[in-house]
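A.B. asks: The primary structure of each chain is shown beneath.
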Amino acid sequence: MANIAEQRIKREFKEVVKSEEVAKCHIKVELVDDSYRELRGEIAGPPDTPYEGGNFLLEIKIPETYPFNPPKVKFLTKIWHPNISSVTGAICLDILRDQWAAAMTLRTVLLSLQALLSAAEPDDPQDAVVAKQYKENPKIFQQTARHWTNIFAGGPLREKDLESKVTQLIGMGFDQNKARIALSTYNWNVEQATEYLLS
Amino acid sequence: MLRNLFNRPSYSQAGWMPPFLVVNVRFNSSSTCQIQLDLEEPSKVRTLKERVSRKLDIPAEEIQIILAGRIIEDDHQLQDFSVGNETILHAFREKRKPRCPEGVPDCSLEPTRSSSQNNIYQYFVFCHECKSMKPGKLRVRCAVCREGHMILERDPQNWDDVLLPGRIRGECRGEACGTDQRAEFYFKCTGHLSSQQESAVVLKHVCPNRKAAECIACTHVSTPVLVFPCQRNHVICLDCFKSYGIVFMDTGQFESDPLYGYSLPCPDKCENSLIQESHHFCLLGQDQYERYKNLGALDFVRQNGVVCPHFGCGEGIQLEAATDKVMCPSCKFLFCRQCLSEWHEGPCRMRCIQLPEVFPINPQSKGGCKGR
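If you're matching them up, the sequences are chains A and B in order.
Anchor point for the first sequence: position 57 equals 59 in this note's numbering, and the numbering is continuous, going up by one each time.
Anchor point for the second sequence: position 78 equals 1224 in this note's numbering, and the numbering is continuous, going up by one each time.
Next comes chain B alone, as it looks inside the complex (with noise of 0.2 Å):
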């Protein structure tokens, strides 16, 4: 699924398009210029060198570009890669030597170019800042400088070399930095314009559906779906995600694992088929979203302790020993564990678990067990 991580091709912003592009080059980590290049026709790599060139009176030659953790070719266009307007390309100047001897087939960067794919993103992420889920573009800076002039000692293959800190390591050609430094990925939203403060998380479970495949629920084919991590790989459409969840959720059937937390699994219940990621639950709505951090928090409180019965309170408690008199830290009410009534020396009365007060007790229900 990773790749051509960054081969993808070029994006439009919805709606009004300017005649011309204007990128910001940052040059060496210190200063930025802004380059217009006009759209009309198409604009190379060298095109952008000339222009930082005379801008900045340093030789077209020496000038390279760096988009995404590789340096891009002079004779590339750069709508083919995803540079859009007010996108930062990173520039440093070195007299270029062939960076790869001859008969390497993969060392350049060869962009896929198909006008008919225009708008389908590889990534989506889930924007704090637009609210929403968003197309996203994947990046990549020294973890050291956070500067983006970072090339790659390699192409990242899959989710954990993106997701987790340190498996690949680049080159930094920032000024204050050292040159072999660990690579750090991100991941941008499409929605605004880049900001200093990105706050975009990855659903990597969301994809283009670019095999076209059903969903599982109301059978329509839709982009971008969401995809199970089960071996069959199924996959729902956003809408039915929505549905799915809500409906699980008001029945109690959400699991928890101890690595992903509380989760779902796919609705033909394969096995290995939770979601991995909590985000992915944004999807359901705010509303939901909140709710489902609620419900989450209370599981993970009653796997590992207890809620305060104590009327008004419900402060969740974490067990560490494992006795049955436990202290609310916040109210102080000092209750047995196992029957959740006031504490009592020796054997619980109830033989079965009352309910705490914080539920309202009908008066017309006659006794009986009604605990769990």
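Next up, chain A with everything else stripped away, as it sits in the complex (with noise of 0.2 Å):
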């Protein structure tokens, strides 16, 4: 059973390795060791997104039973997602759970995660806090995300009035996470956040 996943994620890793989307520096995937369990996987932030210019490592575990049951996936590096937990990189997309195919490869589900970057689903949420402030704050959620971005995968864009809040906080004796979640948790309102580490 183990050999019908190493062969199909032998194959399917060529398939990534020799795709357009590699050549173009959207994807990327690597093996963590010689066994084809594990793999990295990496995807670049799609254009016109908070989430532009950064890249996001993913962990790709193989089931033995694969392909008939979907690989686990979640994101490595840290993101603002309505649809990825902020807190463990979970991912809530149907085609990794109860709608995957035995068709899909390494290939379509990073093109999926990359997709679901552009198109969140907020009324599906893997993170009830972020998407609440998706659906009520957008403008907020923007800023959040591309602060994200910047300081967890790389991204271009700073947001320096969040920066300072951060740094603010960090002054009071916070550490620089806490402080960060919980600013972004309370739609960067510093008292709320404070309150909320005090507490």
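Bear in mind the hints are in silico, worked out from the structure with no lab data behind them.
Errors might be hidden in some of the hints.
As the list claims (entries may be wrong) - Here are the simulated DSSO-like pairs of lysine-lysine, each with C-alpha atoms no more than 27 Å apart in a straight line:
#1 B:1277 with B:1439
#2 B:1388 with A:63
#3 B:1357 with B:1415
#4 A:20 with B:1357
#5 B:1357 with B:1388
#6 A:162 with A:137
#7 A:63 with A:76
#8 A:16 with B:1388
#9 A:12 with B:1388
#10 A:12 with B:1357
#11 A:180 with A:167
#12 B:1415 with A:16
#13 A:74 with B:1388
#14 A:26 with A:76
#15 A:76 with B:1415
#16 B:1350 with B:1388
#17 A:12 with B:1415
#18 A:30 with A:16
#19 A:74 with B:1415
#20 B:1415 with A:63
#21 A:16 with B:1357
#22 A:167 with A:137
Said to hold, decoys possible - Pairwise CB distance ranges, derived in the manner of DEER restraints:
#23 A:17 with B:1444: 38 to 44 Å
#24 B:1377 with A:76: 33 to 39 Å
#25 B:1357 with A:36: 30 to 36 Å
#26 A:99 with B:1170: 55 to 61 Å
#27 A:76 with B:1340: 58 to 64 Å
#28 A:66 with B:1460: 29 to 35 Å
#29 B:1340 with A:36: 52 to 58 Å
#30 B:1449 with A:191: 53 to 59 Å
#31 A:99 with B:1377: 21 to 27 Å
#32 B:1368 with A:48: 38 to 44 Å
#33 B:1444 with A:191: 54 to 60 Å
#34 B:1360 with A:169: 52 to 58 Å
What the hints assert, rightly or not - Which residues of chain B face chain A? A partial, calculated answer using Cβ under 8 Å:
#35 1362
#36 1363
#37 1390
#38 1415
Predicted model only: the values in this text are computed from it and were never measured.
All C-beta atoms in this analysis are idealised placements derived from N, C-alpha and C, irrespective of residue type, glycine included.
Two chains, two frames, a set of hints: combine them into the complex.
C.D. replies: What follows is the structure, encoded as structure tokens:
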């Protein structure tokens, strides 16, 4: 059984490596070890989104029952997106759950994830906090997502206002990441974020 | 897929091949004579007729040979049809009238002759005698006298013609039978010699991989393969089908269908792709097939009734009336269909369905809903 999975992955790996998208640096996949059980994926943030310019690393685990069951994929790079957990990187995408079909491949998975970054589905959220912000404060959501892309994924666009608020909380003695999460969660309201961090 | 139904290339059983071919000719469904033919030179139907003529003292031109529902012509070679050792041919005596007017193209049996295709079979069966999948041969007989002296009025065009009874009629040349009778198709396993009790079930989704299609799971090209009945005809190799079946049984992903029962769709989740015949799950191996049957039966009971919750019983009970009061016909336990606990008047006390006692209850788990 594991043999089918390995054969398939070897072939899919080659497919990704030779693909047009790789040539354009849109997606990438690497082996973690020689077993083909675990791979490292990378997708570029799509243009005209707050993720533009960022590179997002993915952990891809191939189950023994592949390709009859989907690969287990999560974001290793922190990302602010309604369908991706800002804490664990877990992804809510139908094709990685019950809509998986055996004809899908690593390449189609990576391209689907890239498409998910362009088109969020806030009504089927993985991260309720992010989804709420996406719907209620789209402008703040865009800034937050861009800020996270800049900090964690190497995105080129800095959000200086947001950075100074993080610095402000660091100055008060809070941990940088905790401060960023609290501020992102409370729509960059420094008072509320501080209250939350103290509680 | 079913074109050239009978025009399959000849086969040779693997391994040792005798230098001659022994065929059995049943004459007028009464006497059988064995004819030995030399394999060194091609055996024409005419040669066979001459041998039968000598044995039975009947003029050769008055002997007609039937194979699989058709009269075969003098000039054809026996090896071009699926005639092997111990094949039974049927013969009857009749002065030959021209059977079809000239100019009608497809009234004679034209064998496809290609030596490279010699080992490609069109059909595969699950043989209960061999306990495995084998290449199969399609055969036809009279539905009344069950003899093979049958000339079909037309060739079958699709699986329904073959699998549903009574769709094709023919002329039965058996002595004790009327002429116009229903034809009955059946499959023979090529893995062993003919026997009276043929118990081979055709696997209609399994066929040779003539188009060299890749397996949807491992992407390798092999033959034979299983082709799903979806519009895109997704192909899976038999090794992957086995894994697929076991994985989906493990994870409870089989589907219940009113027409095809407990079955699997194509791994790409296409519409109308369920496997239509349950013997295909024999390909998962004998143990897994037994498991499949149990799971299928349990599923059927759940769809149409309940499983008795009494400790150690587990009887499947079909429910006809829409009542909540059920008595198990096996252990006589009287229970409520809704909460699966002992029968009670009035509403169920438990808000959620309790696990029946047949499952071990973890003493450490605290209350709460453990139901479905």
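A.B. asks: Confirm or reject each hint.
C.D. replies: Each hint tested on the structure:
1. With a CA separation close to 16 Å, the supplied pair residue 1277 of chain B and residue 1439 of chain B stays within the 27 Å bound.
2. Under the criterion of a C-alpha separation no larger than 27 Å, the hint pairing residue 1388 of chain B with residue 63 of chain A is consistent with the structure, at around 23 Å.
3. Proximity of residue 1357 of chain B to residue 1415 of chain B is assessed by CA-CA distance (about 22 Å); at most 27 Å being required, the pair is judged to hold.
4. Straight-line distance between C-alpha atoms of residue 20 of chain A and residue 1357 of chain B comes to about 26 Å, which keeps the hinted pair within the 27 Å bound.
5. This hinted pair checks out: residue 1357 of chain B and residue 1388 of chain B have alpha carbons roughly 22 Å apart, not beyond 27 Å.
6. Distance restraint check for residue 162 of chain A and residue 137 of chain A: the Cα-Cα separation of roughly 23 Å lies within the 27 Å cut-off, and the hinted pair is therefore satisfied.
7. Distance restraint check for residue 63 of chain A and residue 76 of chain A: the Cα-Cα separation of roughly 9 Å lies within the 27 Å cut-off, and the hinted pair is therefore satisfied.
8. Restraint check for residue 16 of chain A and residue 1388 of chain B: satisfied, since their Cα atoms lie roughly 26 Å apart, inside the 27 Å limit.
9. Proposed proximity of residue 12 of chain A and residue 1388 of chain B is supported: the alpha carbons are some 21 Å apart, at most 27 Å.
10. Distance check on the hinted pair: residue 12 of chain A and residue 1357 of chain B sit about 24 Å apart at the alpha-carbon level, within 27 Å; holds.
11. For a cut-off of 27 Å, the pair hint linking residue 180 of chain A to residue 167 of chain A stands: about 13 Å separates their Cα positions.
12. With a C-alpha separation of about 25 Å, the suggested pair residue 1415 of chain B and residue 16 of chain A falls inside the 27 Å cut-off, and the hint holds.
13. Taking the CA atoms of residue 74 of chain A and residue 1388 of chain B, the gap is about 23 Å. The hint holds against a cut of 27 Å.
14. Taking the CA atoms of residue 26 of chain A and residue 76 of chain A, the gap is near 23 Å; set against the 27 Å cutoff, the hint holds.
15. Restraint check: the Cα-Cα separation between residue 76 of chain A and residue 1415 of chain B comes to about 24 Å, which is no more than 27 Å; the hinted pair holds.
16. With a C-alpha separation of about 17 Å, the suggested pairing of residue 1350 of chain B with residue 1388 of chain B holds against the 27 Å cut-off.
17. As the CA atoms of residue 12 of chain A and residue 1415 of chain B are separated by approximately 23 Å, the hinted pair is consistent with the 27 Å bound.
18. Distance hint between residue 30 of chain A and residue 16 of chain A is fulfilled; the C-alpha atoms sit about 11 Å from each other, no more than 27 Å.
19. A C-alpha spacing of about 19 Å is found between residue 74 of chain A and residue 1415 of chain B, which places the hinted pair at or below 27 Å, so the restraint holds.
20. Of the supplied pair hints, the one linking residue 1415 of chain B and residue 63 of chain A holds, its CA atoms being roughly 22 Å apart against a limit of 27 Å.
21. A hinted pair counts as satisfied when its Cα atoms are at most 27 Å apart, and residue 16 of chain A with residue 1357 of chain B qualifies at roughly 24 Å.
22. Of the pairs offered as hints, the one joining residue 167 of chain A and residue 137 of chain A holds, with about 23 Å between alpha carbons and a cut-off of 27 Å not exceeded.
23. The hint said 38 to 44 Å for the Cβ distance between residue 17 of chain A and residue 1444 of chain B, and at roughly 41 Å that hint holds.
24. For the pair residue 1377 of chain B and residue 76 of chain A, the supplied restraint of 33 to 39 Å holds, since their beta-carbon distance comes to about 34 Å.
25. Between residue 1357 of chain B and residue 36 of chain A, the C-beta spacing of about 35 Å keeps the proposed range 30 to 36 Å intact.
26. Our hint of 55 to 61 Å for residue 99 of chain A and residue 1170 of chain B holds, since their Cβ atoms are close to 60 Å apart.
27. Look at residue 76 of chain A against residue 1340 of chain B: about 60 Å separates their beta carbons, and that is inside 58 to 64 Å.
28. The beta-carbon spacing between residue 66 of chain A and residue 1460 of chain B, approximately 31 Å, falls within the hinted interval of 29 to 35 Å.
29. As the Cβ distance of residue 1340 of chain B to residue 36 of chain A is approximately 53 Å, the hint placing it in 52 to 58 Å holds.
30. Evaluation of the 53 to 59 Å hint for residue 1449 of chain B and residue 191 of chain A yields a pass: the beta carbon distance comes to about 55 Å.
31. Restraint check, residue 99 of chain A to residue 1377 of chain B: a C-beta distance of roughly 25 Å satisfies the suggested window 21 to 27 Å.
32. The given range of 38 to 44 Å is respected by residue 1368 of chain B and residue 48 of chain A, whose C-beta atoms sit roughly 39 Å from each other.
33. Taken as a hint, the range 54 to 60 Å holds for the pair residue 1444 of chain B and residue 191 of chain A, whose Cβ atoms sit roughly 56 Å apart.
34. Evaluation of the 52 to 58 Å hint for residue 1360 of chain B and residue 169 of chain A yields a pass: the beta carbon distance comes to about 56 Å.
35. A least Cβ separation of about 5 Å between residue 1362 of chain B and chain A falls short of the 8 Å threshold, and the interface hint therefore holds.
36. Hint on residue 1363 of chain B holds. Least Cβ distance to chain A is approximately 5 Å, under the 8 Å limit.
37. Hint on residue 1390 of chain B holds. Least Cβ distance to chain A is approximately 5 Å, under the 8 Å limit.
38. Restraint check, residue 1415 of chain B versus chain A: the minimum CB separation of about 5 Å is within 8 Å; hint holds.
Of the numbered hints listed earlier, not one is contradicted by the structure.
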